[in-house]
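Protein sequences, first through last, are from chains A and B.
With UniProt numbering, the residue at position 30 of the first sequence is 30, and numbering never jumps.
With UniProt numbering, the residue at position 186 of the second sequence is 186, and numbering never jumps.
Just so you know, not all the hints are guaranteed correct.
Which copy is meant is left open, so a pair is good if it fits within one copy or across any two.
[Claimed, not checked] Below 25 Å or equal to it, Euclidean Cα-Cα: the simulated DSS-like pairs (lysine-lysine) are:
| id | residue 1 | residue 2 |
| --- | --- | --- |
| 1 | Lys229 | Lys194 |
| 2 | Lys331 | Lys296 |
| 3 | Lys369 | Lys358 |
| 4 | Lys331 | Lys284 |
| 5 | Lys194 | Lys331 |
| 6 | Lys468 | Lys296 |
| 7 | Lys57 | Lys358 |
| 8 | Lys358 | Lys296 |
| 9 | Lys296 | Lys98 |
| 10 | Lys296 | Lys352 |
| 11 | Lys134 | Lys369 |
| 12 | Lys98 | Lys114 |
| 13 | Lys194 | Lys98 |
| 14 | Lys358 | Lys98 |
What the hints contain is simulated information worked out from the structure, not anything from laboratory work.
Note that the coordinates shown come from a computational prediction; the quantities given were computed from them, not determined experimentally.
Protein chains: 2
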Amino acid sequence: MAFPASRFASVLRIAGRRYPASRVGLRCDHPVRSFTNSPTWQIRTKEMNDDLLKDLKVNQGRLMEDIHHTCQWGTGERWGDAPTETGMTRLALSDADKAARDWFVSTTEALGCKVTVDAMGNTFAVRPGLRNDKPPTFVGSHLDTQPTGGRYDGILGVTAGVEMLRVLADNWTETEYPVGVVNWTNEEGARFPKSMVSSGVWAGDIPVETAHNLREVHPGTATMAEELKRIGYLGETPASYEAMPMAAHFELHIEQGPLLELSNKKIGVVTGVQAYKWFTINVKGRDSHTGTTDLKSRADALLTAAKLILHSHRLATANCALASTGILNLKPGSTNTVPGSVTFSLDIRSPKDSTVAKMTEHIMHDFPKIAAGEDVLDSNLGCTSGLPLDVEIVEDFSSPATNFHSDCISSVRQSAHHILGPNSHNLVMDMTSGAGHDSVYASKRCPTSMIFVPCREGVSHNPREFCKEEDCAMGARVLLQSVVRFDRMRDERRVSWKQEPYTL
Amino acid sequence: MAFPASRFASVLRIAGRRYPASRVGLRCDHPVRSFTNSPTWQIRTKEMNDDLLKDLKVNQGRLMEDIHHTCQWGTGERWGDAPTETGMTRLALSDADKAARDWFVSTTEALGCKVTVDAMGNTFAVRPGLRNDKPPTFVGSHLDTQPTGGRYDGILGVTAGVEMLRVLADNWTETEYPVGVVNWTNEEGARFPKSMVSSGVWAGDIPVETAHNLREVHPGTATMAEELKRIGYLGETPASYEAMPMAAHFELHIEQGPLLELSNKKIGVVTGVQAYKWFTINVKGRDSHTGTTDLKSRADALLTAAKLILHSHRLATANCALASTGILNLKPGSTNTVPGSVTFSLDIRSPKDSTVAKMTEHIMHDFPKIAAGEDVLDSNLGCTSGLPLDVEIVEDFSSPATNFHSDCISSVRQSAHHILGPNSHNLVMDMTSGAGHDSVYASKRCPTSMIFVPCREGVSHNPREFCKEEDCAMGARVLLQSVVRFDRMRDERRVSWKQEPYTL
Numbered sequence: 001m002a003f004p005a006s007r008f009a010s011v012l013r014i015a016g017r018r019y020p021a022s023r024v025g026l027r028c029d030h031p032v033r034s035f036t037n038s039p040t041w042q043i044r045t046k047e048m049n050d051d052l053l054k055d056l057k058v059n060q061g062r063l064m065e066d067i068h069h070t071c072q073w074g075t076g077e078r079w080g081d082a083p084t085e086t087g088m089t090r091l092a093l094s095d096a097d098k099a100a101r102d103w104f105v106s107t108t109e110a111l112g113c114k115v116t117v118d119a120m121g122n123t124f125a126v127r128p129g130l131r132n133d134k135p136p137t138f139v140g141s142h143l144d145t146q147p148t149g150g151r152y153d154g155i156l157g158v159t160a161g162v163e164m165l166r167v168l169a170d171n172w173t174e175t176e177y178p179v180g181v182v183n184w185t186n187e188e189g190a191r192f193p194k195s196m197v198s199s200g201v202w203a204g205d206i207p208v209e210t211a212h213n214l215r216e217v218h219p220g221t222a223t224m225a226e227e228l229k230r231i232g233y234l235g236e237t238p239a240s241y242e243a244m245p246m247a248a249h250f251e252l253h254i255e256q257g258p259l260l261e262l263s264n265k266k267i268g269v270v271t272g273v274q275a276y277k278w279f280t281i282n283v284k285g286r287d288s289h290t291g292t293t294d295l296k297s298r299a300d301a302l303l304t305a306a307k308l309i310l311h312s313h314r315l316a317t318a319n320c321a322l323a324s325t326g327i328l329n330l331k332p333g334s335t336n337t338v339p340g341s342v343t344f345s346l347d348i349r350s351p352k353d354s355t356v357a358k359m360t361e362h363i364m365h366d367f368p369k370i371a372a373g374e375d376v377l378d379s380n381l382g383c384t385s386g387l388p389l390d391v392e393i394v395e396d397f398s399s400p401a402t403n404f405h406s407d408c409i410s411s412v413r414q415s416a417h418h419i420l421g422p423n424s425h426n427l428v429m430d431m432t433s434g435a436g437h438d439s440v441y442a443s444k445r446c447p448t449s450m451i452f453v454p455c456r457e458g459v460s461h462n463p464r465e466f467c468k469e470e471d472c473a474m475g476a477r478v479l480l481q482s483v484v485r486f487d488r489m490r491d492e493r494r495v496s497w498k499q500e501p502y503t504l
Numbered sequence: 001m002a003f004p005a006s007r008f009a010s011v012l013r014i015a016g017r018r019y020p021a022s023r024v025g026l027r028c029d030h031p032v033r034s035f036t037n038s039p040t041w042q043i044r045t046k047e048m049n050d051d052l053l054k055d056l057k058v059n060q061g062r063l064m065e066d067i068h069h070t071c072q073w074g075t076g077e078r079w080g081d082a083p084t085e086t087g088m089t090r091l092a093l094s095d096a097d098k099a100a101r102d103w104f105v106s107t108t109e110a111l112g113c114k115v116t117v118d119a120m121g122n123t124f125a126v127r128p129g130l131r132n133d134k135p136p137t138f139v140g141s142h143l144d145t146q147p148t149g150g151r152y153d154g155i156l157g158v159t160a161g162v163e164m165l166r167v168l169a170d171n172w173t174e175t176e177y178p179v180g181v182v183n184w185t186n187e188e189g190a191r192f193p194k195s196m197v198s199s200g201v202w203a204g205d206i207p208v209e210t211a212h213n214l215r216e217v218h219p220g221t222a223t224m225a226e227e228l229k230r231i232g233y234l235g236e237t238p239a240s241y242e243a244m245p246m247a248a249h250f251e252l253h254i255e256q257g258p259l260l261e262l263s264n265k266k267i268g269v270v271t272g273v274q275a276y277k278w279f280t281i282n283v284k285g286r287d288s289h290t291g292t293t294d295l296k297s298r299a300d301a302l303l304t305a306a307k308l309i310l311h312s313h314r315l316a317t318a319n320c321a322l323a324s325t326g327i328l329n330l331k332p333g334s335t336n337t338v339p340g341s342v343t344f345s346l347d348i349r350s351p352k353d354s355t356v357a358k359m360t361e362h363i364m365h366d367f368p369k370i371a372a373g374e375d376v377l378d379s380n381l382g383c384t385s386g387l388p389l390d391v392e393i394v395e396d397f398s399s400p401a402t403n404f405h406s407d408c409i410s411s412v413r414q415s416a417h418h419i420l421g422p423n424s425h426n427l428v429m430d431m432t433s434g435a436g437h438d439s440v441y442a443s444k445r446c447p448t449s450m451i452f453v454p455c456r457e458g459v460s461h462n463p464r465e466f467c468k469e470e471d472c473a474m475g476a477r478v479l480l481q482s483v484v485r486f487d488r489m490r491d492e493r494r495v496s497w498k499q500e501p502y503t504l
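Let the hints inform the model, and build the full structure from the sequences given.
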């Protein structure tokens with residue numbers, strides 16, 4: 001690891017403040033202690049009291065530079081005049097994604113990390129600690145985006161991880177255990193239609209063959225395995241929590257909803273993720289001519305789909321749940337042909353597994369009835385009865401409600417309150433994530449929690465997605481301190497319990 | 001024109017029956033009269049009484065052979081076991097369309113026609129008559145199909161025209177005026193999204209530049225002019241009723257609806273075409289995350305589109321009209337993103353212009369209200385109020401109700417009753433066409449009518465579209481006789497009125 005001249009500024013700044021005796025002699029050339037990761041004048045996380053923790057500040061300008069630098073790969077739709085006021089369109093395993101991955105690898109290697117790529121292209125950059133026989137404490141998120149995504153979803157989490165590595169290096173901080181940053185592959189599920197698929201493989205929930213054979217959405221035809229190979233990210237390490245164990249997983253993310261902004265909070269301590277299910281609905285009617293087929297003689301698959309989509313929304317309203325359709329394709333697709341075939345996606349969510357189960361029951365029960373022409377909650381109000389249609393409901397994906405680990409939640413909560421100071425009770429709130437994240441799968445195999453920061457109007461999966469610079473930096477600082485606190489706690493428990501609590 | 005040996009069979013058959021004196025000497029070698037189109041032993045249409053007209057029979061097997069022979073180009077989805085039990089997918093100006101066009105040109109040329117291709121690729125095959133200074137009486141339809149179309153829509157009309165030429169040749173019949181068959185380009189509007197566009201240019205209703213610049217529907221990008229040129233059908237003759245005048249236009253077509261079949265009729269005498277309008281509806285909302293955006297904070301363009309499509313159906317029900325959506329595209333198209341943008345087609349029809357106008361008024365009035373979140377006729381029943389959305393309504397196309405010409409209607413009606421004999425009052429009905437046809441544009445510039453034959457269950461724009469062989473042949477026979485009757489009438493009027501009634 002090279003020592004660029006700029007490091008000394010940090011060192012001097014830090015040296016001028018309240019550091020313990022072991023830090024005296026910082027500018028001398030003799031080794032005082034011999035640490036694994038770095039030269040002799042290091043500070044160990046276990047030596048850090050709360051005051052010293054406060055000094056571990058992220059460099060806001062540098063973090064933003066990393067975010068926007070990586071957004072040169074897959075720059076999307078422009079929404080404002082400033083150079084960074086564009087969205088992102090960086091689909092997983094595209095050339096743009098490869099470029100961002102290459103940056104991640106070279107940057108973390110330059111920061112002294114050992115980089116491992118697994119069979120799903122998940123990329124783990126590990127910075128050695130004192131006890132490298134134990135699994136690292138990880139920070140993770142993803143660099144892929146939606147087709148019309150923004151600059152913060154996923155990207156903030158990974159770049160904040162890189163910033164963590166930079167701050168630890170700047171401050172010559174030695175962690176008790178290794179720490180790492182992971183970039184998970186195809187979290188969005190936008191190109192290969194299974195979200196969080198690669199953390200799912202890592203967690204052992206999704207067979208690697210299933211993931212490798214996932215075919216990209218229309219109009220492409222490539223599989224994940226083909227694209228991993230093509231861009232050089234089909235690693236030899238098995239994609240598995242056994243091959244790459246984690247002591248913990250922390251993830252910083254924009255909220256992607258309006259709650260923090262509406263309540264003027266700065267940090268969301270994420271205690272869990274709501275349950276959700278994804279369905280594919282196939283409606284089969286009959287193609288017919290729009291001009292010659294009277295309404296009674298039609299089996300109009302799109303009219304039926306419209307009724308079903310509206311019904312799913314009514315069910316969501318009645319059950320305080322969410323129902324959304326993001327994809328709809330029809331055949332044959334001609335102005336003067338009534339479509340005989342429609343396929344659409346349905347995404348059902350609720351913080352409670354029981355509500356998702358209830359919604360599913362309603363859908364399974366009501367959709368075939370509506371398609372057959374029966375009236376369900378006034379679905380036929382003012383309509384002409386046509387011919388009966390068939391509907392097929394396929395459950396593609398189910399993610400039960402997730403509860404994060406109390407140790408990780410505590411690390412985040414303590415860090416947030418510590419950093420935000422006396423007024424922190426007004427600025428920090430516990431919350432449930434509405435979206436799925438790789439942390440959901442991570443939490444199946446190691447203690448996990450997440451940190452949310454506000455994003456403008458709650459808008460996400462949209463080019464206009466925006467998070468203020470100070471909020472990005474605040475989130476990154478809470479992330480960093482959470483990792484350090486967790487590292488410190490691991491050591492404390494080891495001493496007091498005579499064991500490493502999170503060995504897998 | 002060559003004289004194939006097979007001709008003599010026809011001649012002998014015909015000669016053995018009730019032909020006028022001028023036909024005696026049929027087998028001698030001297031010219032008795034000198035006709036334009038054919039040798040000396042011809043029969044003129046003006047010499048044909050009703051009995052002779054009855055003898056002009058189409059060859060059912062040959063007609064079906066032509067239909068199925070041309071369906072080798074663009075064969076579509078299979079629905080049955082027989083070799084001909086497939087649909088068609090022959091988009092306008094595709095390679096398959098070129099092959100069918102080439103067949104049309106070479107076949108009609110071999111039957112003694114002069115073929116002219118105009119600037120829209122409309123292909124006119126004209127068989128000379130006695131008075132070639134006057135416009136031909138045309139039979140026309142189209143060889144292009146829907147992406148999942150059948151073997152009869154359009155194809156029957158053109159092949160019946162070719163069969164007319166064959167029967168006239170077989171029977172060595174001389175028409176008073178030239179007769180022709182026209183294959184109109186892109187009638188379906190399926191590939192280049194303007195139906196009947198090329199007869200529209202011919203009629204002077206659509207500028208040729210507009211038509212040439214029409215771009216094919218997603219995912220292709222070619223224009224009509226590019227594709228006309230590519231397949232060699234960008235003719236030098238202007239696409240215009242002035243450059244290629246018609247004395248009349250007759251079109252045989254499957255009904256594409258269930259009325260003939262339901263009432264056990266054999267021939268529909270088409271007196272007009274219902275009015276219709278095509279719209280493009282653009283709904284603008286906001287992309288947002290399906291998991292993190294509560295229902296109130298959404299501007300869900302697909303949910304709104306579902307309400308609008310359902311509303312258009314309710315309006316159609318209330319007004320005894322038709323409303324149909326055949327195309328719907330959304331963005332960005334990801335399971336976990338609420339779509340911010342939806343575009344869909346809307347096709348409104350009624351036999352009355354006033355009803356289409358009323359429907360249009362309702363749509364213009366109600367759609368923006370529904371998009372803005374207002375309740376219109378319980379459109380919000382059981383829904384959560386979200387954010388307001390914008391809607392843009394573009395009228396792409398308007399075709400007022402068409403009334404065909406009484407002379408052509410009479411020709412068809414007389415022919416149908418004449419052919420179907422004593423029980424014909426039970427087998428022939430007047431009707432209005434639900435679909436647009438090239439006859440709509442033709443009728444703006446010349447007397448026009450259509451002949452409908454039943455199709456199974458009224459199914460059309462569907463691979464399973466089916467018309468019985470005897471019904472195809474019956475329609476072709478009515479078509480042929482209608483043309484002969486019209487040709488005879490032109491001559492009668494010329495004699496009695498001392499003028500050609502339909503000179504343009």
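For a quick check of understanding: which of the numbered hints are violated here, in increasing order? 7, 9, 11 and 14
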